[in-house]
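Following the hints, position chain B against chain A.
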Amino acid sequence: MTTTSASTASAGVFDDITSSESSLRRFLHGLPGVDQVGAEARAASLGTRSIKTTAKAFAIDLAIRMVDLTTLEGQDTHGKVRALASKAMRPDPADPSCPAAAAVCVYPDMVATAKQTLGDSGVNVAAVATAFPSGRAALDIKLADTRDAVEAGADEIDMVIDRGAFLSGRYQQVYDEIVAVREACARPDGHSAHLKVIFETGELQTYDNVRRASWLAMMAGGHFIKTSTGKVQPAATLPVTMIMLEAVRDYREMTGQMIGVKPAGGIRTSKDAIKYLVMVNEVAGPDWLDPDWFRFGASTLLNDLLMQRTKMQTGRYSGPDYFTLD
Amino acid sequence: MARIDVKKTYKLYIGGAFPRSESGRTYLVNDAKGALMANASQASRKDARDAVVAARKAFGGWSGRTAYNRGQVVYRIAEVLEGRRDQFVAELRASEGVSASKANTAVDAAIDRLVWYAGWADKITQVVGTANPVAGPYFNISSPEPTGVVAVVAPRGPLLGLVSVVAPIITTGNTCVVIASEPHPLTAITLGEVMATSDLPGGVVNVLTGSAAEVAPWLASHMDVNGLDLTGVEDPALATSLEEAAADNLKRVRRAPLVEVDWLATPGTDRMTDWLETKTVWHPIGI
Numbered sequence: 008m009t010t011t012s013a014s015t016a017s018a019g020v021f022d023d024i025t026s027s028e029s030s031l032r033r034f035l036h037g038l039p040g041v042d043q044v045g046a047e048a049r050a051a052s053l054g055t056r057s058i059k060t061t062a063k064a065f066a067i068d069l070a071i072r073m074v075d076l077t078t079l080e081g082q083d084t085h086g087k088v089r090a091l092a093s094k095a096m097r098p099d100p101a102d103p104s105c106p107a108a109a110a111v112c113v114y115p116d117m118v119a120t121a122k123q124t125l126g127d128s129g130v131n132v133a134a135v136a137t138a139f140p141s142g143r144a145a146l147d148i149k150l151a152d153t154r155d156a157v158e159a160g161a162d163e164i165d166m167v168i169d170r171g172a173f174l175s176g177r178y179q180q181v182y183d184e185i186v187a188v189r190e191a192c193a194r195p196d197g198h199s200a201h202l203k204v205i206f207e208t209g210e211l212q213t214y215d216n217v218r219r220a221s222w223l224a225m226m227a228g229g230h231f232i233k234t235s236t237g238k239v240q241p242a243a244t245l246p247v248t249m250i251m252l253e254a255v256r257d258y259r260e261m262t263g264q265m266i267g268v269k270p271a272g273g274i275r276t277s278k279d280a281i282k283y284l285v286m287v288n289e290v291a292g293p294d295w296l297d298p299d300w301f302r303f304g305a306s307t308l309l310n311d312l313l314m315q316r317t318k319m320q321t322g323r324y325s326g327p328d329y330f331t332l333d
Numbered sequence: 032m033a034r035i036d037v038k039k040t041y042k043l044y045i046g047g048a049f050p051r052s053e054s055g056r057t058y059l060v061n062d063a064k065g066a067l068m069a070n071a072s073q074a075s076r077k078d079a080r081d082a083v084v085a086a087r088k089a090f091g092g093w094s095g096r097t098a099y100n101r102g103q104v105v106y107r108i109a110e111v112l113e114g115r116r117d118q119f120v121a122e123l124r125a126s127e128g129v130s131a132s133k134a135n136t137a138v139d140a141a142i143d144r145l146v147w148y149a150g151w152a153d154k155i156t157q158v159v160g161t162a163n164p165v166a167g168p169y170f171n172i173s174s175p176e177p178t179g180v181v182a183v184v185a186p187r188g189p190l191l192g193l194v195s196v197v198a199p200i201i202t203t204g205n206t207c208v209v210i211a212s213e214p215h216p217l218t219a220i221t222l223g224e225v226m227a228t229s230d231l232p233g234g235v236v237n238v239l240t241g242s243a244a245e246v247a248p249w250l251a252s253h254m255d256v257n258g259l260d261l262t263g264v265e266d267p268a269l270a271t272s273l274e275e276a277a278a279d280n281l282k283r284v285r286r287a288p289l290v291e292v293d294w295l296a297t298p299g300t301d302r303m304t305d306w307l308e309t310k311t312v313w314h315p316i317g318i
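Quick mapping for you: the protein sequence lines, in order, are chains A and B.
According to the numbering used here, the first sequence is numbered sequentially starting from 8.
According to the numbering used here, the second sequence is numbered sequentially starting from 32.
One chain only, chain A, in its complex shape (with noise of 0.2 Å):
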């Protein structure tokens, strides 16, 4: 972790862009626009690289350290979050060298159930709040629902933009908004939990509202920035993760602070998650490679990746029987 706070940094230099709705605008649209064709393009080549044996073996593990492994059904209840804390701790139970994953992310409600489980096995707790995943209430109820989660213990915050705010314009109400909710994440111990903003890219419409919407949490503090909410389609893709990623690289070049990466929704395969990792590589550079810098919002991936790393240790292909359902 960088021991430079957001808000700090941003403090310092952003501090004549946020000043005001125009200068924000002018900032965000100022930013170069995306070539469509050519960050498809890019990002398909750099799905194309072969990662095999060693590669592949030290991928998986670190895939697995980067998973926050994630419940957000209506339906779910204690047990089942009990159930997936457990399986963060020890994936494969069967391995005592498989490694845990970085988090479990559930609603608010569920964080004292969790955190019960997890203890101090190293393993946190995400909670998603404002209004997770519509974020459609006023901003005193988001904050509350912040609050709520990080006094039951959330380590991080998973909060969602406005993104009816965002496609009109009103950047200055989207910035104040993250900044409020990055201070209800304080703590009176004065730790703070992680702020993850979520874009819910799909709704974003350009890549220019990609690279925008970036710049723009970036600026108000959030830890990380993340694609999706899951529940909207398309959710996580790789030319929008690639997109995110050139501006946590460009942010850093420019503040020397380091902001996180969070592609979640729809990536299902081991063979999607290396794909990823390579991109992370390319792009941002190996400081990314961390499950500090760089996590996964997903539930069905843990699985392939517990299926591959068997197969890898065993030589024989496994089956979906020998893992549990989540």
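Treat the hints with care, as some may be off.
Stated by the list, open to error - Calculated pairs, DSSO-like style, for lysine-lysine (alpha carbon to alpha carbon, straight line, at most 27 Å):
hint, chain 1, residue 1, chain 2, residue 2
1, A, Lys278, B, Lys88
2, B, Lys88, A, Lys87
3, A, Lys59, B, Lys77
4, B, Lys42, A, Lys278
5, A, Lys278, A, Lys63
6, B, Lys39, B, Lys64
7, A, Lys318, A, Lys59
8, A, Lys122, A, Lys87
9, A, Lys318, A, Lys63
10, A, Lys278, A, Lys59
11, A, Lys318, B, Lys88
12, B, Lys64, B, Lys38
13, A, Lys318, B, Lys77
14, A, Lys87, A, Lys238
15, A, Lys238, A, Lys122
16, B, Lys88, A, Lys238
17, B, Lys42, B, Lys88
18, B, Lys77, A, Lys278
19, B, Lys310, B, Lys88
20, B, Lys77, A, Lys63
21, B, Lys133, B, Lys64
To be verified - Far from chain A, some chain B residues (derived; all Cβ distances over 12 Å):
hint, residue
22, Ile35
23, Arg96
24, Ala131
25, Val158
26, Pro232
27, Thr262
28, Leu289
29, Glu291
30, Thr311
Keep in mind the hints are simulated off the structure, nothing from the lab.
Bear in mind the structure is a predicted one, so any value in this text is a computation, not a measurement.
Yeah, the Cβ is synthetic: ideal placement off N, Cα and C, and Gly gets one too.
Here is chain B on its own, set in the frame of chain A:
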């Protein structure tokens, strides 16, 4: 002017689609006289893996259909095969070098075999299922359930042999991954084309062409395969090693036949019962 003879490239049949091999490999298929007949895809272990995934995906839906409906679908395969009779006869004559009457006999027998098994679909339960007398106030009922995904090494009989091993597996509600006979893969893929157009859901039958010695070990050791039919394995050493690999997850194994099978003879029910598990239910009387 004579038309140019364009050799067909036969693809694999996986999940209801006809993809090329993931490895991009093909091999030459010769006719009985040794002349080039066509190109066939040479499946790799990843094609086998994809086929198992497709078969597993199809299993829930296929095994959940009523036995009566499965019988109708198998009967439909026979109907569509009948419609393609000329193509099969021509392929058999070219690839095996048999006479027209022999090829006709084989195609007839293959159609009849499908009809025969189609009839069994909703009758096998009555034959091997039972109501058991027990010393207590219970209904005790045993009924056969499909085993799951069955991997098959198909025998040489390019059409009749293949139909005779695949039909009983799917009639009973299993799904399968078939490695077609290496020297005669064409009828297997043409049969795939028949299945793709006869209401059989994609993934219930998956056909791989290529080397059984290369692909079969991956299927034998695959933890998501529930049964292994070694009817077409002619090398005893390979058969033994496949059986050993299959032991890892206690697959049901049908061993390679000791003597050559006469495919024209009427089969017994053993090819169906090999891929059935017996489920026994105790139900209290009076509730």
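Cross-check of the supplied hints:
Distance restraint check for lysine 278 (chain A) and lysine 88 (chain B): the Cα-Cα separation of roughly 19 Å lies within the 27 Å cut-off, and the hinted pair is therefore satisfied. Between lysine 88 (chain B) and lysine 87 (chain A) the alpha-carbon distance is near 25 Å, which keeps this suggested pair within the 27 Å criterion. The hinted pair formed by lysine 59 (chain A) and lysine 77 (chain B) meets the criterion: a straight-line CA distance of about 14 Å does not exceed 27 Å. At most 27 Å may separate the alpha-carbon atoms for a hinted pair to count; lysine 42 (chain B) and lysine 278 (chain A) meet this at roughly 24 Å.
Proposed proximity of lysine 278 (chain A) and lysine 63 (chain A) is supported: the alpha carbons are some 10 Å apart, at most 27 Å. A hinted pair counts as satisfied when its Cα atoms are at most 27 Å apart, and lysine 39 (chain B) with lysine 64 (chain B) qualifies at roughly 18 Å. Distance hint between lysine 318 (chain A) and lysine 59 (chain A) is fulfilled; the C-alpha atoms sit about 13 Å from each other, no more than 27 Å. Between lysine 122 (chain A) and lysine 87 (chain A), the direct Cα distance comes to roughly 13 Å. Compliance with the 27 Å bound is thereby established for this hinted pair.
This hinted pair checks out: lysine 318 (chain A) and lysine 63 (chain A) have alpha carbons roughly 12 Å apart, not beyond 27 Å. The hinted pair formed by lysine 278 (chain A) and lysine 59 (chain A) meets the criterion: a straight-line CA distance of about 11 Å does not exceed 27 Å. Note on lysine 318 (chain A) and lysine 88 (chain B): the hinted pairing holds, with a Cα-Cα distance of about 20 Å set against a maximum of 27 Å. Of the pairs offered as hints, the one joining lysine 64 (chain B) and lysine 38 (chain B) holds, with about 16 Å between alpha carbons and a cut-off of 27 Å not exceeded.
Proximity of lysine 318 (chain A) to lysine 77 (chain B) is assessed by CA-CA distance (about 12 Å); at most 27 Å being required, the pair is judged to hold. Our distance criterion of 27 Å between C-alpha atoms is met by lysine 87 (chain A) and lysine 238 (chain A), whose separation comes to about 19 Å. The suggested pairing of lysine 238 (chain A) with lysine 122 (chain A) holds, with an alpha-carbon distance near 24 Å, which does not exceed 27 Å. With a CA separation close to 24 Å, the supplied pair lysine 88 (chain B) and lysine 238 (chain A) stays within the 27 Å bound.
With a C-alpha separation of about 21 Å, the suggested pair lysine 42 (chain B) and lysine 88 (chain B) falls inside the 27 Å cut-off, and the hint holds. In summary, the hint linking lysine 77 (chain B) to lysine 278 (chain A) is supported, as the alpha carbons are separated by about 13 Å, within the 27 Å threshold. Proximity of lysine 310 (chain B) to lysine 88 (chain B) is assessed by CA-CA distance (about 22 Å); at most 27 Å being required, the pair is judged to hold. A threshold of 27 Å between alpha carbons decides the hint, and for lysine 77 (chain B) with lysine 63 (chain A) the separation of about 16 Å falls inside it, so the pair holds.
Pair hint lysine 133 (chain B) plus lysine 64 (chain B) holds up; C-alpha atoms about 17 Å apart against a cutoff of 27 Å. Taking the minimum C-beta to C-beta distance to chain A, about 35 Å, the non-interface status of isoleucine 35 (chain B) holds against the 12 Å cut. Residue-level check passed: arginine 96 (chain B) sits 22 Å from the nearest beta carbon of chain A, beyond 12 Å. The beta carbon of alanine 131 (chain B) is kept farther than 12 Å from every beta carbon of chain A, the shortest such distance being approximately 44 Å.
Non-interface call for valine 158 (chain B) relative to chain A: holds, since the shortest CB-CB distance, roughly 29 Å, exceeds 12 Å. Residue placement check: proline 232 (chain B) keeps its beta carbon more than 12 Å from all beta carbons of chain A (closest about 20 Å). The claim that threonine 262 (chain B) lies off the interface holds: its Cβ sits roughly 22 Å from the closest Cβ of chain A, which is beyond the 12 Å cut-off. Chain A leaves leucine 289 (chain B) outside its interface by the beta-carbon criterion, the shortest separation being 28 Å against a cut-off of 12 Å.
A cut-off of 12 Å between C-beta atoms confirms that glutamate 291 (chain B) is not in contact with chain A; the least separation is 31 Å. With a least CB separation of 22 Å from chain A, threonine 311 (chain B) remains clear of the 12 Å interface cut-off, as annotated.
Against the hints set out earlier in the document, no violation occurs for any number.
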